[in-house]
Amino acid sequence: MARNPKRPAGARSARTSLGDHFTAWRHHHRDSLADALGRMRGTPGSTLLTILVIAIALALPTGLSVLLDNARVITQGWDGRAHLSVFLKMDIKEERQRALAKDWAGLDGVADTEVITRQQALDEFREQSGFGDVLEALPDNPLPPLIVVFPSNNEPAALEALQQRLSKVPEVDLAQLDVAWVRRLHAIIELGQRLIGVLTLALAAAVVLVVVNTVRLAIESRREEIVVIKIVGGTDGFVRRPFLYSGFCCGFAGGLGALILVGTALWWLGGPVNQLLDLYKSEYSLTGMSPATALILPLFSGALGLLGAWLAVSRHLGEIEPQF
Amino acid sequence: MIKFDRVSKRYASGKDALRRVSFELPAGQLTFLTGHSGAGKSTLLKLIMMIERPTQGQILVGRQNLNGFGNRHIPLLRRKIGMVHQNHQLLFDRSVFDNVALPLVIAGFPKADIGKRVRAALDKVGLLSKEKQNPIMLSGGEQQRVGIARAVVNKPPLLLADEPTGNLDPALSAEIMDLFHDFARVGVAVLIATHDLSLIARYRHRLLTLREGNLIHDGVESATPTAGDWYGA
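If you read the sequences in order, they're chains B and F. Counting in UniProt numbering, the first sequence runs from 1 upward without gaps. Counting in UniProt numbering, the second sequence runs from 1 upward without gaps.
Chain B on its own, in the form it takes in the complex (with noise of 0.2 Å):
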């Protein structure tokens, strides 16, 4: 076969710049996020019960967190240092209770002392309970004199010495360790976080897991467009851009849920919860989320979102292969 001298060398392939490749990238990144929102605008159903579950799932131990920090800085004040309290006997005179109150202050182990006469007591208690119409009722003054003992060493076992030893004067009623329950406290505190963390996880995971089958489902209604888009020479990334941003979309805005389920939760609870501590006189009131929890949050939940989509998109994406 003689080849025709006239026909042209070959069709020349058209060919495209690295510029050219940077600024199709920025616009697919772009057009992929437009194309996100767009589905999920297309099918607002399902898209607004994804973002549901995902709010109620954050919410959950978000909110519970915030109540434990609230806890945990009403019991600060509580916290203080350790001490005792030894009460004396009720005819100890104030000179001796100052007395006492010096001897001890230089003993071993003591770092200070502080002496609250019964008047002192009467006035603070009437302050504080709210009982002062109860206590003028009563003839006498019936608080004992009090010596508040700091100790230098925290130890448990040099602080029930100390509590011995001032059992043991002759003066002394009744040396109590202020201690127990503050731990107590602090431990349930401590189980309330690990408590929290672990619901964060378990529900962290829930959220991953439903971002994967949301996005499951989208791959399978797509499957013949992913099948074109890889005949003509999509890259995996192409095909996988719009699912990560639609992953991330659902995260974002279920984390935004979150927030406002917590705050409106926090709303609805402070009243009754002010009106509570009112009434212990605490000078304390319900803090909200910081800043900082309002920020991290969503986008927290849009990494979750994301680490679904992607996890779902690389374990169907492979299965779809073009057929002849």
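Possibly wrong hints are sitting among the right ones.
Only part of the chain B face toward chain F is listed, based on derived beta-carbon distances under 8 Å [said to hold, decoys possible]:
1. His21
2. Thr23
3. Ala24
4. Trp25
5. Glu225
6. Val227
7. Ile229
8. Ile231
9. Gly234
10. Phe238
11. Glu319
12. Pro322
By construction, these hints were calculated from the structure, which means they are not laboratory data. C-beta: ideal position from N, C-alpha, C; glycine also.
Assemble chain F onto chain B, guided by the hints.
Frame of chain B, contents of chain F only:
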């Protein structure tokens, strides 16, 4: 443009889809590929598109050996190949224009360029006036021409067609074949896999015939294969 050098493909099931097949397709030539179902036509196309990899032998596309290609090279290879399908593989959630533009969007062409090239391709297949329509509104022949426009829009040096006239009447088939001739004339290597004996008989082009994975015929001499050629007399 394409060179097969003793290419064999055995599937995991143990079936030998191709056995030591060798041939060469030069640029600017239109070639038919025929054989009954299961003779290895689809496998041959899949190997060129790198949907499957050969068990033995070498495939060269351009001057590049596909054996040396990793998975991430596959998209770049496919951008050099225009693929036309029997069932068109069009997307019905977007316009004719967007269907044809897809390979250019993927390859990263600037927007202004995309418009020009898409319209040129649509003009070539005679569908410029339908660019805004949804392909589902078009007839079978028109859908096939949209598929061809998409396959050639980025001017690939190689055009593969899998039963491109499968569902079309003779007049429409002739139109489609005219398009393929035009592309071959400007230097594109065109490989058309088909069952359509009348089509093969009408155009006396080079013919590759597969039977049970063997290339049993290569040439223009006995352009009309008989059923015996396929199934073994």
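TODO: If any of the earlier hints don't hold here, list their numbers in rising order.
DONE: 11
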